[in-house]
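Numbering-wise (full-length UniProt numbering), the sequence shown opens with residue 1 and increments by one.
In short, the hints are calculated from the structure, not lab data. Since the model is a prediction, treat every value here as computed from it, not as a measurement. Cβ atoms here follow ideal geometry from the backbone N, Cα and C, with glycine treated the same way. Any given hint could be a false lead.
[As the list claims (entries may be wrong)] Listed below are the simulated DSS-like cross-link pairs for lysine-lysine, each with C-alpha atoms no more than 27 Å apart in a straight line: (1) K110 x K188; (2) K55 x K88; (3) K140 x K88; (4) K79 x K55.
[To be verified] Label pairs and their computed distance ranges (CB to CB): (5) N114 x G78: 35 to 45 Å; (6) V46 x V11: 16 to 26 Å; (7) A2 x K110: 29 to 39 Å.
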Amino acid sequence: MASMMANGRRVSIAISVLTSIYEGLNTIATSSRPACTSPSFPVHFVYAWLASYFKTHYLVWQGLCGPKMTIFSGEGGGKYYDPQEAHKRIHKAEFVSWACNMIVKNRTFKFVDNGDAEELDHNYFVAIRSSYLTLRQGDKFITEPYSPHRFGRQFGYFQDVPGTLKYDTRAASLEEGLRYWRLCILSKSSSKA
Numbered sequence: 001m002a003s004m005m006a007n008g009r010r011v012s013i014a015i016s017v018l019t020s021i022y023e024g025l026n027t028i029a030t031s032s033r034p035a036c037t038s039p040s041f042p043v044h045f046v047y048a049w050l051a052s053y054f055k056t057h058y059l060v061w062q063g064l065c066g067p068k069m070t071i072f073s074g075e076g077g078g079k080y081y082d083p084q085e086a087h088k089r090i091h092k093a094e095f096v097s098w099a100c101n102m103i104v105k106n107r108t109f110k111f112v113d114n115g116d117a118e119e120l121d122h123n124y125f126v127a128i129r130s131s132y133l134t135l136r137q138g139d140k141f142i143t144e145p146y147s148p149h150r151f152g153r154q155f156g157y158f159q160d161v162p163g164t165l166k167y168d169t170r171a172a173s174l175e176e177g178l179r180y181w182r183l184c185i186l187s188k189s190s191s192k193a
């Protein structure tokens, strides 16, 4: 990916970042001693997601236009919520910013993956379908199952049945990793949403 960027090619780091986050959080969640694990993942993306989706962080004045995640305060600048308020914020729709996850259309929208979509629409379609996320680290491929069905249903785009990702694969060979990557970014599949 770095070499493609160096050659001026536009790339998306979303899949790699999400895979890294999933792997880090899964390492913590599956450990018998979570405090003794030391996974490395880009937690600043998690803070930005929480800040954007649940309004958990204060806005920071930006003199220059930069990445959207820099408009939020960091870890130390998060708003404090007691357990009841945190529960309310997560489970009540009035506290959630829906617009950060959906394409705004002023009409009913049917997407057909026939290769003619605008890039933004196609990227959104990729984001709401189940897949295996991949990340290459040195000579190994990390894979994480990704099923956004809970989020997809919130917005009326439900593309799979929970549980269809039958294999909980966490590592893959080079060939398998490339296959999973291609499946994740697949286009012209004639799928509809």
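Going down the list of hints, with the structure as the test:
1. K110 x K188: Measuring from Cα to Cα gives roughly 15 Å; hence the hint holds.
2. K55 x K88: holds, 13 Å
3. K140 x K88: Violated: K140 and K88 sit about 41 Å apart, past 27 Å.
4. K79 x K55: holds, 9 Å
5. N114 x G78: 35 to 45 Å: holds, 43 Å
6. V46 x V11: 16 to 26 Å: Holds - the Cβ-Cβ distance for V46 and V11, about 21 Å, lies within 16 to 26 Å.
7. A2 x K110: 29 to 39 Å: Since the Cβ atoms of A2 and K110 sit about 37 Å apart, the hinted range of 29 to 39 Å holds.
Violated hint: 3 only; the structure is consistent with all others.
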